[in-house]
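Trainee: Sequence:
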Amino acid sequence: MERSCSVKSRDSITHQDHAPAPPCSRGHTPPTSQRRSRRTMVDVTKWPLFSLMEGEELSSIRQACVFGTSANEVIYITHNDDVFVFGLNCSNCLGTGDSQSTILPKKLDFLSGRKVVSLSYGSGPHILLATEEGELFAWGHNGYSQLGNGTTNQGVAPVLVSASLLNKRVTEVACGSHHSLALTNTGEVYAWGYNNCGQVGSGSTANQPTPRRVSNCLQNKVVVSITCGQTSSLAVVENGEVYGWGYNGNGQLGLGNNGNQLTPCRLVGLQGLCVLQIVSGYAHSLALTDEGLLYAWGTNTYGQLGTGNKSNQLSPVQIMAEKESRIVEIAACHSTHTSAAKTQSGQVYMWGQCRGQSIVLPFLTHFSCTDDVFACFATPSVMWRLLSMEHDDFLTVSQSLKKEFDSPETADLKFSVDGKYIHVHKAVLKIRCEHFRSMFQSHWNEDMKEVIEIDQFTYPVYRSFLEFLYTDNIDLPPEDAIGLLDLATSYCENRLKRLCQHIIKRGITIENAFSLLAAAVRYDAEVSPASTPSNRTWRSSALSSV
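Numbering (my numbering), first residue to last: 11 to 556.
No lab work stands behind these hints, which were simulated from the structure alone.
Mixed in with the good hints, there may be bad ones.
Said to hold, decoys possible - The list that follows gives simulated cross-link-like pairs (lysine to aspartate or glutamate, EDC-like), each with its CA atoms no further than 16 Å apart:
1) Lys412 <-> Asp428
2) Lys56 <-> Asp382
3) Lys412 <-> Glu463
4) Lys430 <-> Glu444
5) Lys117 <-> Asp92
6) Lys440 <-> Asp465
7) Lys413 <-> Glu477
8) Lys507 <-> Glu489
9) Lys507 <-> Glu521
10) Lys424 <-> Glu463
11) Lys507 <-> Asp465
12) Lys515 <-> Asp485
13) Lys436 <-> Asp465
14) Lys117 <-> Glu198
15) Lys436 <-> Glu477
16) Lys507 <-> Glu477
17) Lys116 <-> Asp92
18) Lys436 <-> Glu456
19) Lys231 <-> Glu198
20) Lys424 <-> Glu456
21) Lys125 <-> Glu145
22) Lys116 <-> Asp53
23) Lys507 <-> Asp496
24) Lys515 <-> Asp490
The model shown is predicted, which means the values in this text are computed figures rather than measured ones.
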């Protein structure tokens with residue numbers, strides 16, 4: 011029996027990309043597809059092309075995309091909705107009206123003032139751009155009519171794609187190597203361009219010079235998301251089903267075979283699942299369900315499926331099932347063999363072709379977003395989606411705790427130290443510290459107070475201790491770290507003790523060695539008659555510096 015699943019239409023999709031996903035039966039709004047701009051915190055200078063720009067120019071960028079066969083082209087949109095391009099200009103893909111490359115940004119006056127909602131690029135490359143008004147513009151390589159203008163002439167500047175889209179409002183675009191898809195606000199999919207493997211979904215292999223609606227199995231379906239591999243196409247409909255068509259020689263359509271598909275066909279391997287997001291690499295695909303489960307299929311030459319081997323998969327297989335935190339975002343693009351995923355706790359994993367290496371299992375990185383994976387490890391180092399430089403509204407649990415430390419608006423308790431207040435939350439203190447758990451659960455006098463006076467520790471020391479309970483980090487000079495070490499010993503906080511000892515050891519210099527040694531002697535005298543081995547270690551370090 012299939013589970014009920016209802017995915018909202020494209021117009022209702024928000025940018026809360028990392029929010030937990032309730033079951034589809036509750037009408038959950040899915041993440042936008044990989045081609046839509048996302049709010050994310052990312053440093054664009056990780057892509058070398060931006061390194062020549064001044065700080066003022068960088069701060070003006072609202073959206074950006076690095077593309078091209080060697081990641082040598084850039085398009086970006088400013089906060090004033092001006093559109094700029096620079097780079098190699100292969101196949102007139104910059105849309106400047108000529109074939110000249112440029113290292114300095116050039117403004118595309120024709121597009122300025124239009125708010126961009128979706129952008130995608132092909133391998134030629136050709137460019138598709140959709141505006142907030144639902145207009146679709148195209149330019150660049152056009153050898154297979156992938157610009158949808160009925161010709162094979164190069165598009166040296168942005169041109170409005172009309173034809174059968176004249177009265178349609180386009181909300182999302184996707185490019186394969188040399189074919190194009192557009193999704194309308196009514197859930198219709200249009201396709202055109204190169205069709206040697208059926209990637210246009212017309213039922214034949216003849217190239218399609220202008221946009222044509224993809225029907226057959228999608229005729230009465232409302233599509234909410236589209237994506238393209240090099241020569242394949244995938245779509246997610248409002249009930250979470252996935253349909254694929256085009257080249258399938260490596261199983262990238264997930265149909266259980268390797269035969270090309272000239273019209274859309276449902277992926278039965280995902281039956282009973284509600285897919286929220288789908289992405290395609292060069293010849294592999296990933297799908298994310300409403301329950302945070304991740305499935306992969308297609309070619310696996312570089313380990314891009316994350317299965318632990320390099321065997322192709324003709325049907326979807328679940329990966330990362332052992333991870334405790336649910337997956338909230340997946341990433342891939344048709345010009346690379348790289349895959350990435352982000353968990354609800356903020357962890358980012360990568361696998362596949364990573365700087366020449368084949369990573370066959372998801373590898374935990376230090377990155378905060380999937381975009382950094384493509385900037386630093388993909389070949390070429392393109393962007394897998396149109397980026398928005400606005401701050402992400404979503405905060406992880408750790409980020410939320412850090413934000414609320416010493417916040418008078420939400421706190422229910424104050425500590426008074428040296429005449430200064432520190433605002434905290436009883437629940438956090440009880441969860442994080444045994445000392446406070448006893449204080450607030452054992453009918454101490456402090457349990458009934460709204461303000462607790464602290465006189466045995468200094469303000470910097472006690473504030474750092476409380477901040478540690480919210481962030482797991484401390485930032486103190488070695489001299490104050492000795493006082494915090496005294497507190498950690500008093501409160502039996504062993505991990506905090508180790509951190510303090512590390513700060514003290516690392517911070518010993520010739521200039522402060524005497525003061526640290528004096529403090530070490532005071533600490534030993536105040537805490538215990540005999541110093542512990544760890545205390546002796548950093549005291550010895552101070553002596554050696556002297």
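Trainee: None of the hints should be skipped; say for each whether it holds.
Mentor: Do the hints match the structure? See the list:
| no. | hint | in the structure |
| --- | --- | --- |
| 1 | Lys412 <-> Asp428 | 23 Å, violated |
| 2 | Lys56 <-> Asp382 | 8 Å, holds |
| 3 | Lys412 <-> Glu463 | 23 Å, violated |
| 4 | Lys430 <-> Glu444 | 24 Å, violated |
| 5 | Lys117 <-> Asp92 | 7 Å, holds |
| 6 | Lys440 <-> Asp465 | 21 Å, violated |
| 7 | Lys413 <-> Glu477 | 11 Å, holds |
| 8 | Lys507 <-> Glu489 | 14 Å, holds |
| 9 | Lys507 <-> Glu521 | 24 Å, violated |
| 10 | Lys424 <-> Glu463 | 9 Å, holds |
| 11 | Lys507 <-> Asp465 | 21 Å, violated |
| 12 | Lys515 <-> Asp485 | 14 Å, holds |
| 13 | Lys436 <-> Asp465 | 20 Å, violated |
| 14 | Lys117 <-> Glu198 | 32 Å, violated |
| 15 | Lys436 <-> Glu477 | 13 Å, holds |
| 16 | Lys507 <-> Glu477 | 15 Å, holds |
| 17 | Lys116 <-> Asp92 | 10 Å, holds |
| 18 | Lys436 <-> Glu456 | 11 Å, holds |
| 19 | Lys231 <-> Glu198 | 8 Å, holds |
| 20 | Lys424 <-> Glu456 | 11 Å, holds |
| 21 | Lys125 <-> Glu145 | 10 Å, holds |
| 22 | Lys116 <-> Asp53 | 22 Å, violated |
| 23 | Lys507 <-> Asp496 | 8 Å, holds |
| 24 | Lys515 <-> Asp490 | 13 Å, holds |
Hint compliance for this structure: hints 1, 3, 4, 6, 9, 11, 13, 14 and 22 are not met, and every other hint is.
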